[in-house]
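Undergrad: Sequence:
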Amino acid sequence: MASSMQNLVGEQSTGIVMEQVFSTLVAAVEKIMNPSATPQERTVAHQICEEFREKSPVCLQCGMMLAGKQFSPVVRHFGLQIVEHFIKFRWSEVTEEQRELLKSQALELIDKGTFPLLEEELHIKDAVSRILVELIKRLWPQLWPDLFPHLSESCHHGSTQTELVLKVLLRLVEDIVVFQNIPAQRRREILQAFTSILSQLFQIFLQLLDRYRNPSGTTGKVEDRRPILVMFNSVAMKAVLDAAGVAAMNLQEEHRYLFLKRCCQVLTEMGRQLCALWGQVEDIGQPVEFDTYLKALLAFTQHPSLMLRSCTFSLWTAFIRHPEISKNPVLLSFLPQLVEVCTGTLYKVGLPSLNNSPSCEYSRVDFDNDEDFLVFFTRYRTDSADTIRYMTLLAPELTFLVASKWLQTELSKPVQADKAPCSLSSPEYLEWEALTIFTESVMLRLFQSDKQLPDISLGIQLLQQLLAYQNQDPLIQSCALSCMSALFPFLRHSPTLLPSVLEKIFASVVFSLPGQTKSTRSRAVKNVRQHGCSFLVKICKEHPDILFPEFDHLYVCIKNIDADPEQLSQMERCILIEALIIVSNQFADFERQSAFIAEVLNPVKQMWSSPEFTEAFSHPSKLMSYIGLNQKPVQPSSADTCGINRSHIMYCITMILIFAKRTTWPEDLNAAERGGFVLCKSEDGSVILRNPATAHITHFLDNLFALIRTFCCLWLPEFMQQRHPEFAKAYDLQENERLAALGAFLKPLISYCPRQYYATVAVPVLCGVCPAMFQKLSARWLVINQRYEDGVDRDDESAESQEVLEDQLTRQLTREYLELIITVCTSRLSSKVEVTEEMAMDEEVVPPQFNRNEKALSELGLLCMRTEALFPSLLLCVLSGITWSDTICCTRCVSICWLLVKQLITDNVMRKDGAVHVFSSVLTGLQIHGQHDGMQALLVSLALTVYEEMRPQYPELKDVLLSIPGCTEEAVQNFEKTFLQGISPQKMPPEKKKKEVFKNLISSIIGKSIGQQFKREASYKNLPPMFVRRSRKNAVDVIETGDDSLCSLFAGDDV
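In the UniProt record's numbering, the protein residues as written are 1 to 1055.
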């Protein structure tokens, strides 16, 4: 087969048997695409196709014939590829006759070469458009001036032709403007031609938009929806409801259930159109059968299928929020029924794996498993609760009355003491859970309504009933606490109930079941206790003014509970103390608040400052032994001393954090002055306040820093070898730890450090952090680069996943550290910006682009660059970051690099080997990142700036430039003579020209992507110029010729 093809390749077109050529090529293409072909057969077939495409003189003719619609899509695509390849790479062989033939056949392919729009393969359309684009690049406009009239005419021949023309225009513009993959001269000519025909192009586009604009896809005027209201007449409503009734009679058949869902969608869409028309269009209001329509909608909301219910919630909400429909008496008459129905929609039933509700049967049709159902149910319950909230705004008395009756019903049910505890699927718990969500939804909007509110005494009565309610079931008691939390706003109208409420909360805090101890409590009991603690914190945050009069009682209760060592866990104790701290902020008295903090912190201070802790924090080996890191893990028990030690450390740290986070001064400046919170006034007159916890927290810092220092040493190799193998994962870096180190501590510390403390706070911290970070990042990147160079495939999937994770963590850590360097060295946040607790410190900061004219470093950056122990690690990290294979890191390094280098030159610190390293690092970055156009432009500008500014003082940079392959001594001398040596500002060449010449000097090291390294260059021919420049005529001297007539002055040569 191959030998016969070779004979055919060398013959002239007049002697080739075309049928034999076709059969050979078609067989080769089909063999390539045949999955059962052997590798050897496929290789031979590839060779035949490649030789024909590269050498055959009849390549063009055969390609056009193979593109005929009578062949299979694979063969047609191959034929089109042959034609495109011939145009791109063998254009120099094209004769004038072939050129004209190509033009006509390319347009014919657009008009008649494809099947209808929906039948043709996408890759065939793309191949047809590519052929015409390649021709346009080489012929238009000089040799094909009438192209666009032909294309405009093709658009009138059908949708397929229109799509192909648009594909041609899109690809052509992408190649010219976006990818810029054609010679610069041709690119300029085509752009000029496009500019000259813009009016024609826009005319074509407008005609196409007018022709293919789909009326059904436009919104249109609201009045245009008026005909939809015909669906609300009695005949249409009866037809829809009858059909839904027939479908609902036998829902065991899935297609009937599907039809019912479609009916529900029709009804809800009718309602949405009614919302758009009602009140917006004159004479459109309540439809005739609106009552019937709402009955049907309510029936779907009551249906056991949760999917059908979910379709109606958004429409009910839209009705209730509509300014006109919400006042309609018919809708208002349905609200009581709707509220009752919504109470049933909140039950968590219908899981496909259960049979505790009629909804389960429908869920098995709608969902594949319980996980899918739970994802849907979360959104479903949220929509239902939203409907209840908006109903509360519209009718607060109604919804609160339903909530109160429901709650009273549950509270009046007898409690069976000997009954087994409820589970998450018990009917009693499901009832309480739904009641809790309904009550919270109602109370969330009750006092925001402008309608008449319910009787306050009823809310107080409900609170009293909840206080008197006793139930030892953990799940039920947790729901009762949630209901009490929702009703807490009523307590403002009856402060005398506050002691009883606190007693109820503390009863939950110490809740336990018979036979359970502190170490054997069940998860359900722990949840109730934590719920009680969290409830207390919540009301302290939301209503501190209500709880402040009861502070002493609150404090005594917590101390009495804490006196029993078998009562509170450390987490529960921390939460309760947090509540106390929040309320204590209402003291508005610095001394009193400080004394309270000292009293509460005293036990923690004694534990934290104990010789036992001090000894454990003094050395990594002692800390490992103290917390059990070098021992085999054991089950938690009273005999687990290492576990107890870990718990004590965590308790102390948590308490320190709570006091530092929750202790505040009064928001009112006058109250702060009266309470003694004012420390002094700054130079600009602003008041500086003092925190009552500061003096007490500082006593913890010595051991805290000792623990941090020792803890960091645990990552040293000699101590990592001492850890027990089962604790290996304890060393994994977690997201919150990474953010805490870089985002939540260092950035705000540097950004908001006062100027007067730069030398004593910011610089010492950076002197410890920057060298360690540079060493750590360099080692990490060395491993990553070596891994990429080796290119070893991992058989172990877990090892490969770990490598990917380490790679991503290293990149993220590097980016955030470089962002910190930028924060240190460049413009800083305004001192007037207020730092709040909730300020997120992990937001992405877009680094400034490289600017050689940027004036100077910031004040802190200048101080850092003049600190001998600090500036080497800063500069080396920035220079190394340029060479690391991460474009984001490189961008941030480029933005700051010249500022650092320039400062070292100004301070006369830069040595010649340092200058060579700077220039070499930038050139290495070009080799790594040059494939990206944006990065290439930044790095070329930086390299030019470094060479231009440092070359006079450091002549060694010329040797670095000459070491680049292809960069000659003569070229460098010409560059320096033209652009660097003694050029006056008036005669200075353009910056763009300078960059182009410098880029040509270093072009051999600029990196290219794999796809561009061995790219075959497309073939182009020179076209005649678009604009012919006429020679300038000699001026006529009228005086010398003596002919001063106007006719002779403006006459042509032939006159």
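A few of these clues could be false.
[Unchecked claim] Computed cross-link-like contacts, EDC-like style, restricted to lysine to aspartate or glutamate with a CA-CA straight-line distance of at most 16 Å:
{"#": "1", "residue 1": "K348", "residue 2": "E361"}
{"#": "2", "residue 1": "K993", "residue 2": "E976"}
{"#": "3", "residue 1": "K413", "residue 2": "E428"}
{"#": "4", "residue 1": "K995", "residue 2": "E976"}
{"#": "5", "residue 1": "K902", "residue 2": "E949"}
Don't read these hints as lab results, they were simulated from the structure.
Undergrad: Hints first: check each against the structure and report whether it holds.
TA: Hint by hint, here is what the structure shows:
1. Under the criterion of a C-alpha separation no larger than 16 Å, the hint pairing K348 with E361 is consistent with the structure, at around 15 Å.
2. Between the alpha carbons of K993 and E976 the distance comes to roughly 13 Å, so the proposed pair stays at or under 16 Å and holds.
3. With a CA separation close to 10 Å, the supplied pair K413 and E428 stays within the 16 Å bound.
4. Between the alpha carbons of K995 and E976 the distance comes to roughly 12 Å, so the proposed pair stays at or under 16 Å and holds.
5. For a cut-off of 16 Å, the pair hint linking K902 to E949 stands: about 9 Å separates their Cα positions.
Violated hints for the displayed structure: none, as all numbered hints are satisfied.
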